[in-house]
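Make one complex out of these two single chains by using the hints.
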Amino acid sequence: MTATPTHPTTGTDLVERARAAAAQVVDPELPVLTLADLGVLRDVTIEDGPDGDLVVVTVTPTYSGCPAMATMRDDLVHRLRTAGLPRVQVRLSLAPAWSSDWITPRGRAALRKHGISPPGPVERRDGPVPLTLGPVRRATQCPRCTSADVELVSEFGPTACTALYRCRACLDPFEHVKEI
Amino acid sequence: MSHDPLADVIGPDDPGSPYDADSLLIGDDAHWAFGTDFEDPLAGVDTTLPDGVDPAELAEYCLMLGDDALVLSQRLSEWCSRAPDLEEDVALANIALDLLGQARLLLARAAAADPGCVPDLPPSSPVPPEDALAFFRDDREFRNVHLAEAPRGDFGEAVTRLVLLSSWRLALLGRLRESSDPVLAAIAAKGVAEVTYHRDYAARWFVTLARGTDESRRRLASAIAVLWPLVPELFAAHDIEVRVAEAGAGVEPAAVLDEVTGVLDQVFDAAGLERPAIDLRPHARQRGRDGVHTEAMGLLLAEMQVVARAHPTGVW
Numbered sequence: 001m002t003a004t005p006t007h008p009t010t011g012t013d014l015v016e017r018a019r020a021a022a023a024q025v026v027d028p029e030l031p032v033l034t035l036a037d038l039g040v041l042r043d044v045t046i047e048d049g050p051d052g053d054l055v056v057v058t059v060t061p062t063y064s065g066c067p068a069m070a071t072m073r074d075d076l077v078h079r080l081r082t083a084g085l086p087r088v089q090v091r092l093s094l095a096p097a098w099s100s101d102w103i104t105p106r107g108r109a110a111l112r113k114h115g116i117s118p119p120g121p122v123e124r125r126d127g128p129v130p131l132t133l134g135p136v137r138r139a140t141q142c143p144r145c146t147s148a149d150v151e152l153v154s155e156f157g158p159t160a161c162t163a164l165y166r167c168r169a170c171l172d173p174f175e176h177v178k179e180i
Numbered sequence: 001m002s003h004d005p006l007a008d009v010i011g012p013d014d015p016g017s018p019y020d021a022d023s024l025l026i027g028d029d030a031h032w033a034f035g036t037d038f039e040d041p042l043a044g045v046d047t048t049l050p051d052g053v054d055p056a057e058l059a060e061y062c063l064m065l066g067d068d069a070l071v072l073s074q075r076l077s078e079w080c081s082r083a084p085d086l087e088e089d090v091a092l093a094n095i096a097l098d099l100l101g102q103a104r105l106l107l108a109r110a111a112a113a114d115p116g117c118v119p120d121l122p123p124s125s126p127v128p129p130e131d132a133l134a135f136f137r138d139d140r141e142f143r144n145v146h147l148a149e150a151p152r153g154d155f156g157e158a159v160t161r162l163v164l165l166s167s168w169r170l171a172l173l174g175r176l177r178e179s180s181d182p183v184l185a186a187i188a189a190k191g192v193a194e195v196t197y198h199r200d201y202a203a204r205w206f207v208t209l210a211r212g213t214d215e216s217r218r219r220l221a222s223a224i225a226v227l228w229p230l231v232p233e234l235f236a237a238h239d240i241e242v243r244v245a246e247a248g249a250g251v252e253p254a255a256v257l258d259e260v261t262g263v264l265d266q267v268f269d270a271a272g273l274e275r276p277a278i279d280l281r282p283h284a285r286q287r288g289r290d291g292v293h294t295e296a297m298g299l300l301l302a303e304m305q306v307v308a309r310a311h312p313t314g315v316w
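Each protein sequence line maps, in turn, to chains A and B.
Every letter in the first sequence is one number past the one before it in this note's numbering, and letter 73, counting from 1, is 73.
Every letter in the second sequence is one number past the one before it in this note's numbering, and letter 254, counting from 1, is 254.
With the rest of the complex left out, here is chain B (with noise of 0.2 Å):
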């Protein structure tokens, strides 16, 4: 047997060390420990507000970034055990589980600013704050772009709805990073890392599937087709997005409109398709940052809340 070299770097297997043997899953009680009582996102970091801005319109432009994340990824969470191949059902279920942990930081920042945005429920409730805004508002109190509740489609609609959503997140959260409000920027950061991995999954499954087989070219010409209508929305300002972005805690969408269209010509270059033109007069755009959204997000949240709503006292 050879000199195995990272002997000399770890040492040994000695007994009591973390890298004993049986101090691994199995010999380890403490692996098993369950029962301390706190489940706070933001357990510990200073919540304090900026100086400023409103802490009504910070939370519900937290409510605007965190909502986004949480259908988008209710909507990819419908593909696991349903994707063409076991790897990509684990890419969406990666992809969908990173943005349920920004949505809960996101929901969770929104309550820490502004407790009065949380639904009441009966005080002998478990539900922590972020869990009561996910579960107990109702479709008008959600502030998600129309292009994450859009039904979920085939895997080419899956594939450009993801290109699209994630390009135009990584910019915003980009510029988030410089938020002045430091719980946010942290959130903006860390989100960086994680939907660069996105967009480049996603753009690389675009640029195969229109470059593939006439069917597969077929589908993505016509999920373009089906989704492009709702693109204006995600440069369109909410009042609410100005005021926080002139204070200095958010983003203004059109500010990161050429940068956006930027990174999706290159895909489409790649792709060999045209990239249609982004129509930014008022009347072509949705309203789902006023809370006005489609059916499909009424059956969406109908299979999302279900549980939380039978059960609101309910704890396992």
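Excised from the complex, chain A in its bound form (with noise of 0.2 Å):
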């Protein structure tokens, strides 16, 4: 959190409304939960500016193509100004890459209550990455019954981010958000 030195009480009141406004953006392909939840949004500082204060908030997109960076940096510029913050700079952030794993408990939690089965842990390696030809194998449980009796139907599903899956039991499709 960076409040200005100069207005230090004004700059942490402008910090907590700046960072609960962007705290209630949507993420737009997978909208039952925020991007606070999905671990997208990062962090949401003020600088002072020669015009007045400025709110910097810092994103790093899921995949390299998302296409949907563009719509999260407009729905946040529109949400903080609706919240009374008028001069709003979205950021990239490109290192740390994005890990499923930021994915918050709540998030997770949401993402189960809507239908979509969350990731598990992400198995971190340095050197080479080893070749997987046989069957993917996940702990999934379908989100709608919990049976455990799921089937894959394609590691690529609707969006860049998710895994398509079928539950043997209830026999509903599914999503899975993929482990990266």
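Don't read these hints as lab results, they were simulated from the structure.
Model, not experiment: these values are computed from the prediction.
Virtual Cβ for every residue (Gly too), placed ideally from N, Cα, C.
Heads up, some of the hints might be wrong.
[What the hints assert, rightly or not] Derived list of chain B stretches under chain A, where covered just means 3 residues or more per stretch with a C-beta under 8 Å from a C-beta of chain A:
| hint | region |
| --- | --- |
| 1 | 41 to 47 |
| 2 | 98 to 112 |
| 3 | 170 to 182 |
| 4 | 200 to 211 |
| 5 | 257 to 267 |
Quick look at the structure:
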């Protein structure tokens, strides 16, 4: 948190207001969870510029080709302006790369509640990535009937970050947020 | 109705909470807000150059990696509505989208490192630098390898091409995570996670086709025969690649040869096929990195660039 040294009280108030407003914005493609709970909203700070206080919001893309970045940015700007914060700049942060591990417990619960299976923990590795030729195994359960008897339909779903599953118990299809 | 265990975690649907049903989609005005003015994919990222790297050479190196991704993405996009079934259609489009994202970041990095590499456009043009690089360069200015531009072919060729290019690209990106250029290192780190999914997807299909029917195995063998002559270029270093690697920002392609052939051997073994040798003699190489391309590249660019070139000052 960067409170401006010249207006400490105002700066703190501002940053709290800005954080509260930014925390309300939902993901355009997974509107069941907020950008904050998705782990995409990285920081909200105030920079003291010559024209007054500037709200700087830092976001990170989930996937390189995430087509929702511009919408996220516009939604953030609009929400902050509506909250009475007219000067907003949205900046991108590429490192560290977004990980599905950053989805909060609240975000995971929201995903499950809306029929989307949350990601499992990501395996971290440093050297060459091993090839996986066998079937993908995840400890996934159907978000609707909680059966563990599920099958992978495709590793690529309707958005960049989801895979497609089918529940063998209740026969419903569902999306699973991929580990990345 | 049973107790919802999730209610303890996220609470009831309080009005005004972001998880209030009315805030989702329909009631949320903010969701439909548009109209801010910048589209820079590196907005706010520190693009200061690392020490010891020539800016023009770093830019050209980023164009090489970016053009590989852009041209392969365009080829994969040709599968939209043409794949064997809906799941593969979606998968190939997803892979194309990941690569397009990587290309966008890499071309933007090239433009930030050396603005001189961006084609001139009328001052009134709203086209951002990475789009100017994608849509307003001629084939001689593209630096992609020939394997990316080879004609679409059948599904066997799509799978074989993706096995080869994603195995190679994953090895390059894995090492580029240590690039002295923090922007390139960050782009590579994101790309590794994505290309891992691409390679696994393609390798599984490769094995499936090889062990499928006589027809699928015949098609796969034919794809290997058609595409294999384009493999040597992947491991032939261009002078720019050598110098950027020496400066600590890049990777020399020859350095990933053992890693890539190790992966390809696993895939070919599982498929019950013999992997052809890679002819590393200089005369066997294509010269895409020098801007020398095939007829297929001109046709690909014509389709990819026609709308942007017809409306260089267009806004939509």
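Of the hints stated earlier, which fail here? Violated hints: none; all satisfied.
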